[in-house]
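Engineer: Sequence:
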Amino acid sequence: MKDNKRLNTNGWRVVLIGGNSGAGKTYVTRELVQQLGVSFLMVDDIRIALHQVTTQTQQPDLHVFLNYQPEDWRNPDKIFKDWLRVGTAMIKPLKAIIAHHIMVPDTRKIIIEGDGILPSLALQSTFSDLREFTGLNIKNEIRAVFLVENDEAIILDKLRKRGRGFNERSQEEQKSFTHASWLYGKWLRKEAEVHSLPVLYSQPKKTVIERFLEIILE
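One gets my numbering by counting positions in the sequence shown from 1 and adding 21 to each.
Rather than coming from a laboratory, the hints here were simulated on the basis of the structure. Glycine included, each C-beta is placed from N, C-alpha and C at the ideal position. Warning: the hint list may mix true and false statements.
[Said to hold, decoys possible] Quick list of in silico lysine-lysine cross-link-like pairs, BS3-like style, CA-CA up to 25 Å: (1) K207 <-> K182; (2) K99 <-> K113; (3) K182 <-> K226; (4) K179 <-> K113; (5) K207 <-> K113; (6) K99 <-> K130; (7) K207 <-> K227; (8) K99 <-> K207; (9) K179 <-> K227; (10) K130 <-> K113; (11) K211 <-> K99; (12) K196 <-> K179; (13) K227 <-> K102; (14) K207 <-> K179; (15) K196 <-> K182; (16) K207 <-> K102; (17) K113 <-> K102; (18) K211 <-> K179; (19) K196 <-> K113; (20) K207 <-> K196; (21) K227 <-> K182; (22) K160 <-> K196; (23) K160 <-> K102; (24) K211 <-> K226; (25) K196 <-> K99; (26) K226 <-> K160; (27) K102 <-> K179; (28) K130 <-> K160; (29) K179 <-> K226; (30) K179 <-> K99; (31) K211 <-> K196.
[Stated by the list, open to error] Label pairs and their computed distance ranges (CB to CB): (32) R106 <-> L238: 31 to 41 Å; (33) E214 <-> Q145: 13 to 23 Å; (34) M124 <-> E189: 38 to 48 Å; (35) H216 <-> N171: 18 to 28 Å; (36) Q80 <-> P225: 37 to 47 Å; (37) G184 <-> G156: 20 to 30 Å; (38) R190 <-> V125: 35 to 45 Å; (39) G186 <-> S146: 32 to 42 Å; (40) D150 <-> Q77: 34 to 44 Å.
Taking the hints into account, I'd like the entire structure generated from these sequences.
Structural biologist: What follows is the structure, given as structure tokens:
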């Protein structure tokens, strides 16, 4: 089964997995890496690296969450809108990484996952201004799937289990962040549908990998 799946991945070089926080992107990525024998990259790693070589003045959108005050973490609408700011700021570095990966022959297939992946990143038009990759055709090289969790109780439970400092926040801040994630998932779902990109619901979890494979291996 595993060998057959590896043969069937010939139609793409890059899989993008976007979704709201708590949707299970890391779990899905880990399972796919094992089953398909591909590499993976986390958008958060790239964003954190960019923090080290840019300043707030140079890239205010990339740094927005680093400057949050306690009251900001209690404002779900602001958190949601700032997720969009970060995602938009990540488009340029991500598309350069994707384009380079596609242009270099014989590179291993890769999954890129993270909250900062917006549906527009999977569109051919997004790559039109890359001068060093003129003529790049991504149509058959990229698959994008947006994993969405639309139950706030499940999102909150997953975020608490994941940790990463979440449990040190107040109850109000946790609920605000959870609602912001729900708002972001709702936006991602609508935006993906506008661009005819597949949306996958994370529940039921026991079938999510099977459903994901049906999308990227078709």
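Engineer: Okay, which hints does this one fail, numbers in order?
Structural biologist: Numbers 4, 6, 13, 19, 22, 23, 26, 37 and 40 - these are the hints that the structure violates, sorted from lowest upward.
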